[in-house]
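Student: Protein chains in written order, with numbering that gives the first Met the number 0: chain S, 0 to 94; chain D, 0 to 322.
Certain hints may be false.
[Stated by the list, open to error] Stretch by stretch, here's where chain D covers chain S in the computed footprint (C-beta under 8 Å, at least three residues):
{"id": "1", "segment": "1–13"}
{"id": "2", "segment": "23–34"}
{"id": "3", "segment": "39–48"}
[Claimed, not checked] So the derived list for chain D, only partly shown, Cβ under 8 Å to chain S, looks like this:
{"id": "4", "residue": "Phe98"}
{"id": "5", "residue": "Gly195"}
{"id": "6", "residue": "Pro243"}
{"id": "7", "residue": "Leu298"}
{"id": "8", "residue": "Ser301"}
{"id": "9", "residue": "Ala304"}
{"id": "10", "residue": "Val307"}
Bear in mind the hints are in silico, worked out from the structure with no lab data behind them.
Even for Gly, the Cβ is constructed at its ideal location relative to N, Cα and C.
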Amino acid sequence: MALTGDQVRWVAHLARLEFAPDELAVFTEQLSRIVDYVNQLQAINTEGVEPLNHALPIRNVFRPDEPTPSLSVDEALSNAPDRKGDFYSVPAVLD
Amino acid sequence: MELIEHTAHDLLELMNKGDFNAAQVTTAFLQAIRDRDHRVQAFLSVDESDALAQAVAVDQKRKSGKPMGKLAGVPVAIKDVLCTKGQPTTCGSKMLQNFVPPYDAHVITRLREADAVLIGKTNMDEFAMGSSTENSAFQVTKNPWDLTRIPGGSSGGSAAAVAACEAPLSIGSDTGGSIRQPASLCGIVGMKPTYGRVSRFGLVAFASSLDQIGPFSHDVRDAALLMEVIAGHDARDSTSVDRPVPPYTQTLDKPVKPLTIGVAREYFGEGLDPEVEKSVRAALDVYRGLGATIKDVSLPSSPYAVAVYYIVATAEASSNLAR
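Looking at chain D on its own, in the form it has when it is part of the complex (with noise of 0.2 Å):
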């Protein structure tokens, strides 16, 4: 297996070891970015020699005998919504393409103070309106998998530098979607955290009732792990929730017991591709195989949901984005 294809768990387990440095490690993400993101495109901008320093900065830390960060040498690609002091903070738009934010926002706070290499900001539908990373202002992104295809969005950059192995982590954010659409259109696992889990700090607001960061990696541990490091309480935002982050990676294998689902019949009606409704249920036996109860409920507010969703994101988004 190549460097570039491992989870970021096993990145860290190779370094804890010695195996690699962080610095090989992120010479090998530069590298895979090198050779892809041409076809991929899911950069919008990647400072080489910056992402170098970083990794020797962990490496000499390390050597230096301090506690190492969680995510030490991991490289994590940030989606170019996320204000990164001193580096180019576009939002997929022209209207941006020279914003140099003065500020970092409180998750990149917490993935530097993890020790984790900030590799690049990914691209991304233009201020996060679009599901398909079709409407950034500078490139499309294409799916890894078939680079006809459209990788999915708002998060597209981000979704794919992971399905690409440019990148073991990312960050997206997610409104109506945009973390969990791409996560699956290209395969790998994406998680929009509850409302208030994850701190909107630093983050350009679409719709300010519905944003959250979170992660994208190729397993749930990973996920786990960068959950770990990004959730929590900040001062700074005021609809971020006071309680405390559960240690997600130490209860990754306790049984799923007592769990009940409920499955709202509104979601299953007209509409639904046949295909998508056999792998939900499939989804569905496997929690059951695993002792979760699976209970059939009824929310009849779900048909409005939508036109619901219209007003309160393009509402919130005008006044976010007025000028």
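Bound-form chain S, shown alone (with noise of 0.2 Å):
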């Protein structure tokens, strides 16, 4: 099953990746065969089967609802590259 480049563009759109022409060929090409490769478990039937979601039985690991002390907020935003108050500032992702 080949991507198209429009795919794998979009792809990296959402990644915010940018592709030269010939990285883009590449890149479709590599990931058609990854896709290709994943895409034999479509052969396993899995009717019946409990989806896993610990190797162990742990069920709703939970805490009392009871606050505990923890980073301050300059602890916190030790690493903002720019900070507007109590606020990490970043680039806008959302239009």
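Two chains, two separate frames, one set of hints: put the complex together.
Tutor: As structure tokens, then:
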């Protein structure tokens, strides 16, 4: 199942990656082969098989809903390249 | 034998006897790093004065008669994928080249509580994605046995550091083999603990349902010791298992019976290197000689494992690293 250049270009856009035309051709071919390889899983019948969440039977790991000491705002923002008050300032992603 | 060639348990004995103190041990390993690491390139960052200060504090604690932690004075190198408070944690990536975590990973806290000396952060494939440590954004780590060869990956720096005697112990992380494979390529002991055994709090995640932190060492006794220190339940990792940690070092010399080892015939099929097969069968003979029962079994879904891994690991990585 070959991926189209348009599909790869769209995925690249979502990942905020830019490709030159020759790179796009190489990645389209490589990604197509990877998708083909993984497609062999379609041959497996998983009817009646429960999804696996954890290798061990751990469920609903909760703690009491009580606030406990955490990082201060300054500690939490200590690596922010750009900061506005108590917030990280980042490039706009949504239009 | 040089001081730097000793196992951690030997070093502990030497320090307990008073033959050496922690400052001397750390100084010896820092010197080894200075002598060798420009060739091996295992370390991304070493803060010599901080390491020495940790060692001096251990010596002072011992002098004051306080009970010492299990790794008192033993230098441990840390894969740069674990958060160390106040010290750079790059994950081998330029994206994090200035990242200084404001907190310690759980494993780091346990090591500090055990009075270990955290000697430096080691090189790795970027964000643990790789099997050769060639994908670090900073440097390529060499295999200490042959500097033209890879040490394996993604925990190549941690493996090379121990193999080159730049540290007696190190910590790595393993998602799809990233401790086991470099340990094998560097000729040392490495282990991926059972999922849930070691808390992932403070581990920069690659694939959250596969990642585990584990030990590198010269021998199994050292790995057992390191496991006793880092294993155990942590409320800050909801996938960590709330079961008692066995006294690994106490059971090393117990007989292996009764133990049944299943050998899946799917692993001995096409594509298996004859040298690898020979080594694995020789290991099985060792277990047989120790009294284990070897049983032929089938794991019919084995051929699909890699494809499943490609989905699970990459899907989880893209969620974890979304920015």
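Student: It remains to establish, for every hint, whether it holds in the given structure.
Tutor: A quick look at each hint next to the structure:
1. Counting residues of the segment 1–13 of chain S whose beta carbon lies closer than 8 Å to any beta carbon of chain D gives 0, which falls below the threshold of three, so the coverage claim is violated.
2. Coverage of a stretch by a chain is defined here by at least three residues with a beta carbon nearer than 8 Å to that chain's beta carbons; for the segment 23–34 of chain S and chain D the count is 1, and the condition is violated.
3. Remark: the segment 39–48 of chain S is confirmed as covered by chain D, as 3 of its residues place a Cβ nearer than 8 Å to a Cβ of that chain, reaching the required three.
4. Restraint check, Phe98 of chain D versus chain S: the minimum CB separation of about 5 Å is within 8 Å; hint holds.
5. Interface restraint check: Gly195 of chain D against chain S, minimum CB-CB distance 6 Å, threshold 8 Å, status holds.
6. Interface restraint check: Pro243 of chain D against chain S, minimum CB-CB distance 14 Å, threshold 8 Å, status violated.
7. Residue-level restraint check for Leu298 of chain D is violated (minimum Cβ-Cβ distance to chain S is 14 Å; threshold 8 Å).
8. Taking 8 Å as the C-beta cut-off, the interface hint given for Ser301 of chain D is violated, the closest approach to chain S being about 12 Å.
9. Look at Ala304 of chain D: its Cβ only gets to about 11 Å from chain S, farther than 8 Å, so that hint breaks.
10. For Val307 of chain D, the suggested interface contact is upheld, since its CB lies about 7 Å from the closest CB of chain S, less than 8 Å.
Violated hints for the displayed structure, listed by number in ascending order: 1, 2, 6, 7, 8, 9.
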